[in-house]
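Given chain A, work out where chain B should sit, using these hints.
In order, the protein sequence lines correspond to chains A and B. So the first sequence is numbered by my numbering: it starts at 1 and just counts up by one. So the second sequence is numbered by my numbering: it starts at 286 and just counts up by one.
Everything labelled a hint here was simulated from the structure, so no lab data went into it. Incorrect hints may have been included.
Residues on chain A that point at chain B, a partial pick, calculated with CB under 8 Å [claimed, not checked]:
| hint | residue |
| --- | --- |
| 1 | D123 |
| 2 | P129 |
| 3 | M135 |
| 4 | I224 |
| 5 | G225 |
| 6 | I246 |
| 7 | L261 |
Every residue, glycine too, gets a C-beta built ideally from N, C-alpha and C.
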Amino acid sequence: MSAQRSTWWSHARHVIGDNPVTLVAAVLFALLAVLALIGPFIVPYDPLASKAESALQPPSAAHWFGTDALGRDIFSRVVVATRMDLGIAVSSVVLSFAVGVPLGLAAGFLGGWWERGVTRLSDTIMAFPLFVLAMGIVAALGNTVGNIVLATALINLPFYIRVARAEANIRREAGWVEAARLSGNSDMRILAFHLFPNALPPAMVQVSLNMGWAILNAAGLSFIGLGVRPPQAEWGILVAEGAQFIVSGEWWVSLFPGAALMLAVFTFNLLGDALRDLFDPRRRT
Amino acid sequence: MIRLILKRLVAALPNLLGVVVITFLLTRALPGDPAAYFAGGAATQEAIEEVRKQLGLDRPLIEQFWRYLAELARGDLGLSLTTGQPVLQELTSRLPATLEIMLAALFVACAAAIPMGVMAAVRQGSWVDQLCRLITTAGVSLPVFFTGLLLAYVFYFLLGWAPSPLGRLDPIWSPPPTLTGLYLIDAALAREPSVLWAAAKQLVLPVFTMAIFVMAPIARMTRASMLSVLSSDFVRTARASGLSSGTVLITYALRNALLPVVTTLGMVFGFMLGGSVIVEKVFSWPGVGSYAIDALTASDYAPVQGFVLTMGTLFVLVNLLIDVLYLLIDPRVRVES
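Chain A extracted, bound-state conformation (with noise of 0.2 Å):
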């Protein structure tokens, strides 16, 4: 066991080093979550704060990334935003993954009605253009942050199902999981100890690679007015604030939340590249 730990260590350390970008995405992830935690705490200005006097400021040492048209810090909210935009991200694809995965495990190993069933669901989502499908699923149940995190959820269930599918397909007649249900293990016993565990992997790939997705999704859904709402700070919705003035030249209303997202969407990108180098060394690219 710890042999194995110990390759396992070696190989990561031979991925990162192999390729510097995933040192900077780490340290980059580690930044972001650390924003996302303690952001609040540490912003120079109240991020809802509005001063006439000081609106529409280009950047300057007292406000590093300028002010809006209402003479908020746009610092302060970029950096407030985290917390809400990884939020809204994180909790989609643990919701994805946590219905997804049984799904597909379930409908690879059990097959018959219960297989058609799944598969005719992920086909049905994945029958729309996924952005349009989550407009849908707001403007119906309602506009507000938790749809927002449902409806990204759903539009990447398939994936999840997909991946988890496909394991759970190749392993069923493995020999282990024969001897494991001729030990008396039932199938949900299996299911949840045997063919789990080896579904992770790249089920974890998934993640990762989906959490960059979960955050263009979200903040594509609040900046055409959809889920978080102002005057709450979020990176999709400063940057919809903003657009009308890059018109008129003030562009630093808007840029800065977007390279935010952008930096953040990047960040996750590139870690899920890593990730899959180290999990997945046949589909590494």
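Chain B only, in chain A's frame:
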């Protein structure tokens, strides 16, 4: 061959049905009570119940579903509350604007991404490959609205090369007579070069915004499939037979490598249908996406449902088209099945 195509058509039916069922369920889940709306603001509880009965909203869900299907069959998507117009009519008049961006963006994205993917595969590990990797990673990380605003800032505000990012045509021009609804084609057919030029200028920024968004999957797929084709036996044989590297690359390798790329185009189209909503909002483009957003902000739900249904149907049809195209261009699929 015909049988295979028919088989694909039949296979697409459940998806189409799925789209209709989901849209119907979303319809029922939408907030707001249509009966209360149609009964008017001053209506009593009994009057609302009366209208509910008239509209059939007191019926079981399955019966309402059949009614919904019947309405769909008549092309009845309801009325928009804000404009008072039938939703179907407004959607059809706005769809060409959306399609114009998407088709142009697809063209631009393929024209840029396929050569880039090929170069990256041929010179694996070179600077072209690194550049390809950078662009594809950036492409999937950039929020569409952010790219759009950035392009508008640089090319309209700073450089002044692009016209103001508002709408399909500068108001000093009147739109060309409608034939296809695509301004570029209509203006060319009507022989109005100045309108053609004005429409093209308005298109550039939204099209590039969308193209940057979808380049990544195309380039990535081209690179991957080109790599696998280049290492295959028939390419080795072609090289060994002394064919010029150009012939091997284009005639032998690329033609085969493009097949998986065609399949990716379905997914790309799905991205574009979603992305068009955001691009249209950024550039005040009068397409179906901005129609849906306006309706959403006004809590006008019939257009939103019509929009979701239209996009879903369009996506199923495009995937079907790509499946059929694949059957036509790849003889192996026919032999295997």
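*Output the numbers, in ascending order, of every earlier hint that fails for this structure.*
none
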